[in-house]
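Spelled out from the first residue to the last, the chains are:
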Amino acid sequence: GEDVEQSLFLSVREGDSSVINCTYTDSSSTYLYWYKQEPGAGLQLLTYIFSNMDMKQDQRLTVLLNKKDKHLSLRIADTQTGDSAIYFCALGGAEGTYKYIFGTGTRLKVLA
Amino acid sequence: DGGITQSPKYLFRKEGQNVTLSCEQNLNHDAMYWYRQDPGQGLRLIYYSQIVNDFQKGDIAEGYSVSREKKESFPLTVTSAQKNPTAFYLCASSNDIQGTQYFGPGTRLLVL
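Protein chains in written order, with this note's numbering: chain A, 1 to 112; chain B, 1 to 112.
Don't read these hints as lab results, they were simulated from the structure. A quick note: this is a predicted structure, and the numbers were derived from the prediction, not measured. The beta-carbon is built from N, C-alpha and C at its ideal position, and this holds for glycine as well. A portion of the hints provided could be inaccurate.
BS3-like mimics (lysine-lysine), calculated; alpha carbons at most 27 Å apart, straight line [what the hints assert, rightly or not]: (1) A:56 / A:109; (2) A:36 / B:14; (3) B:9 / A:109; (4) B:83 / B:57; (5) A:109 / A:70; (6) A:36 / A:70.
If you want the footprint, here are the derived chain A segments under chain B, 3+ residues with CB under 8 Å [stated by the list, open to error]: (7) 12-24; (8) 67-80.
Have a look at the derived ranges for each label pair, beta carbon to beta carbon [claimed, not checked]: (9) A:26 / B:38: 18 to 26 Å; (10) B:56 / A:41: 25 to 33 Å; (11) B:14 / A:60: 24 to 32 Å; (12) B:17 / A:59: 13 to 21 Å; (13) A:111 / B:83: 39 to 47 Å; (14) A:7 / B:83: 27 to 35 Å; (15) B:10 / A:11: 24 to 32 Å; (16) A:45 / B:9: 51 to 59 Å; (17) A:8 / B:17: 17 to 25 Å.
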């Protein structure tokens, strides 16, 4: 089955850029998503990219998709303390189904 | 305000007891989902419903039941057959089964 991997932790200083990575095994997904989860809260949709795109920029967020290497990344420019959270990548329509397959999440800690 | 609500925020279950988690949406979405989140893991799909009066098992349906009598509502019952129910439960909805999923704030279930 589909496997989606993320590193568990990332620590950056306030004002620096953060890059959160996601690697996957199945390339059949139609959309690839990034969600943010703050402590004790639900998942907030940040952005998504269609599978035929290489890059998408949305204010401080840049999503890069390398289909050849099956690698998805989320770059947050000018990282703020309010960006501290867990970030999940999710593959929509994986394995030719409706299903979302979630990564295990990356905990981003922003140091003041 | 359109959105997804879940109640209660915290729920305590005694041994042998069934408990029901509420999920309501006013987004006019056809599809609704229940996920379970355990620490350090991604989300796992319990049940989903594409349309009123229809629902399907996800990856970890054992010990859970659902109903979909109204478009807006998709309650989840955690039965006594679920031996390890302590987790964070997230409800989501989407326009249709292929669409982007939006999440509620979650319910944390604890066993007394």
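Outcome of the hint check:
no.: 1; hint: A:56 / A:109; result: holds, 24 Å
no.: 2; hint: A:36 / B:14; result: violated, 32 Å
no.: 3; hint: B:9 / A:109; result: holds, 25 Å
no.: 4; hint: B:83 / B:57; result: holds, 18 Å
no.: 5; hint: A:109 / A:70; result: holds, 26 Å
no.: 6; hint: A:36 / A:70; result: holds, 21 Å
no.: 7; hint: 12-24; result: violated (count 0)
no.: 8; hint: 67-80; result: violated (count 0)
no.: 9; hint: A:26 / B:38: 18 to 26 Å; result: holds, 23 Å
no.: 10; hint: B:56 / A:41: 25 to 33 Å; result: holds, 27 Å
no.: 11; hint: B:14 / A:60: 24 to 32 Å; result: violated, 46 Å
no.: 12; hint: B:17 / A:59: 13 to 21 Å; result: violated, 47 Å
no.: 13; hint: A:111 / B:83: 39 to 47 Å; result: holds, 41 Å
no.: 14; hint: A:7 / B:83: 27 to 35 Å; result: holds, 32 Å
no.: 15; hint: B:10 / A:11: 24 to 32 Å; result: holds, 30 Å
no.: 16; hint: A:45 / B:9: 51 to 59 Å; result: violated, 21 Å
no.: 17; hint: A:8 / B:17: 17 to 25 Å; result: violated, 34 Å
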